[in-house]
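Protein chains: 2
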Amino acid sequence: MTVQENISSLSIGMVLFQNLTQLDFTGPYEIFAKLPNTQLHLLAENLEPIRSERGLSFLPDTTFDECPALDMLFVPGGPGVNPKMEDKNFLDFLKIQGEKASYVTSVCTGSLLLAAAGLLQGYRATTHWLSLDLLAMFGVETVKERVVIDRNRITGAGVTSGIDFALVIAAELFGDKIAQEIQLGMEYNPQPPFQSGSPQTAPLDIIASVTAATQNRQEIRRQIVQRLLSQN
Amino acid sequence: MTVQENISSLSIGMVLFQNLTQLDFTGPYEIFAKLPNTQLHLLAENLEPIRSERGLSFLPDTTFDECPALDMLFVPGGPGVNPKMEDKNFLDFLKIQGEKASYVTSVCTGSLLLAAAGLLQGYRATTHWLSLDLLAMFGVETVKERVVIDRNRITGAGVTSGIDFALVIAAELFGDKIAQEIQLGMEYNPQPPFQSGSPQTAPLDIIASVTAATQNRQEIRRQIVQRLLSQN
Chain A
4 MTVQENISSL SIGMVLFQNL TQLDFTGPYE IFAKLPNTQL HLLAENLEPI RSERGLSFLP
64 DTTFDECPAL DMLFVPGGPG VNPKMEDKNF LDFLKIQGEK ASYVTSVCTG SLLLAAAGLL
124 QGYRATTHWL SLDLLAMFGV ETVKERVVID RNRITGAGVT SGIDFALVIA AELFGDKIAQ
184 EIQLGMEYNP QPPFQSGSPQ TAPLDIIASV TAATQNRQEI RRQIVQRLLS QN
Chain B
4 MTVQENISSL SIGMVLFQNL TQLDFTGPYE IFAKLPNTQL HLLAENLEPI RSERGLSFLP
64 DTTFDECPAL DMLFVPGGPG VNPKMEDKNF LDFLKIQGEK ASYVTSVCTG SLLLAAAGLL
124 QGYRATTHWL SLDLLAMFGV ETVKERVVID RNRITGAGVT SGIDFALVIA AELFGDKIAQ
184 EIQLGMEYNP QPPFQSGSPQ TAPLDIIASV TAATQNRQEI RRQIVQRLLS QN
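Residue numbers (the numbering used here), protein chains in the order written: chain A, 4 to 235; chain B, 4 to 235.
Everything labelled a hint here was simulated from the structure, so no lab data went into it.
This structure is a prediction, so every number in the text was calculated from the model and none was measured.
Careful, some of the hints might be misleading.
Because identical chains cannot be distinguished in the list, a pair is counted as satisfied if it fits within a single copy or across any two copies.
[Unchecked claim] Distance condition first, Cα-Cα at most 35 Å in a straight line; then the derived DSBU-like pairs of lysine-lysine: (1) K37 x K98; (2) K147 x K37; (3) K91 x K180; (4) K147 x K103; (5) K147 x K180.
Required output: the full structure, derived from the provided sequences and hints.
Structure below.
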């Protein structure tokens, strides 16, 4: 899938919305912004600051209305996914851009938005571990892997997977050397102090407390997905 | 060093400046923002948007003049470090806040700014691998480790080390359980697609190309450090 030889320029649209998880977006941004001949568009409904989950605010640079055709559509996740799954204008924008784009991609619960826009049905894809069952409700073949590629759909698991996800994309599109240079430049030689980064490795009490703390948001999310599916 | 028992609230000041490397700051932010009873201040000289290295812009929320006393001072790095090493007002702010803070911390070349402000002399500390020799010129005992703790100075290596760095801080201050919950919530189970994240593991041609691409900036940086040291 390496397109290094025949790609003259790459246009990536990163979709922003209120209450997103900022690292879902800023992890991949750090890598995408260093790809050669690549233009990033920070897309939002309007140019007002985007306030992320815990308050950090970013400035988008391109409105949905002014968005050019994209080679790659990218959607992050976060608590703000909940209202966006029922925002028709937002989903229409994803659908129109996603159907034209060469690559349709997401990190974390961004895949719920792609699925709500009808862009993941029949594809293998992943999402944050807490939302895998919700993604499956949309008719997506969910996979418990950190980065999943199925034809031109590329999805990452929760939050920090976006760094691995974007390095995989860098290698796919521009070759291993570019991806390795970016990895060395950002000194991505991770050494987590604990083995608690996945429900496959975390202690049971840690899984229980994280699940309990997010239960309310996840239950509301489940009701939204059920409502969406009952309307179709 | 765990202060979980006796800490009623923690105030962290994250110092922003033009042309910083955004992931140096957004990686730790994602973790710091989830600490209990913790207030983050996004500090800058004024409240104008901060444009990071590749264009992504953030909004600070507190000016240096209005900054309260901090429990922890945090400084990220990036190309913007070069002019800031010679910005007396900026360094004075770091020095005044750093001397009062319980913890003085940095990621990537933020440690060059701490050193330029006189806050790291005689301490063990680290920085981005390309700048270790420059940090040593300040009389800092440089260490090729991902996270270095020496008394109340805590420094991280390049860019993505900020995630490991902040999880280590979370564990030190609030205990392992809080740190592990945050790690699981952000699904930090890294799987880099290559082993090129460190000059100890990257292929020689990758090291050579990254070194060549940054040679000009590093040479200017060296001249700045030499100028600073000749003035003292």
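Query raised in the report: Any of the earlier hints contradicted here, and which numbers?
Result: 3
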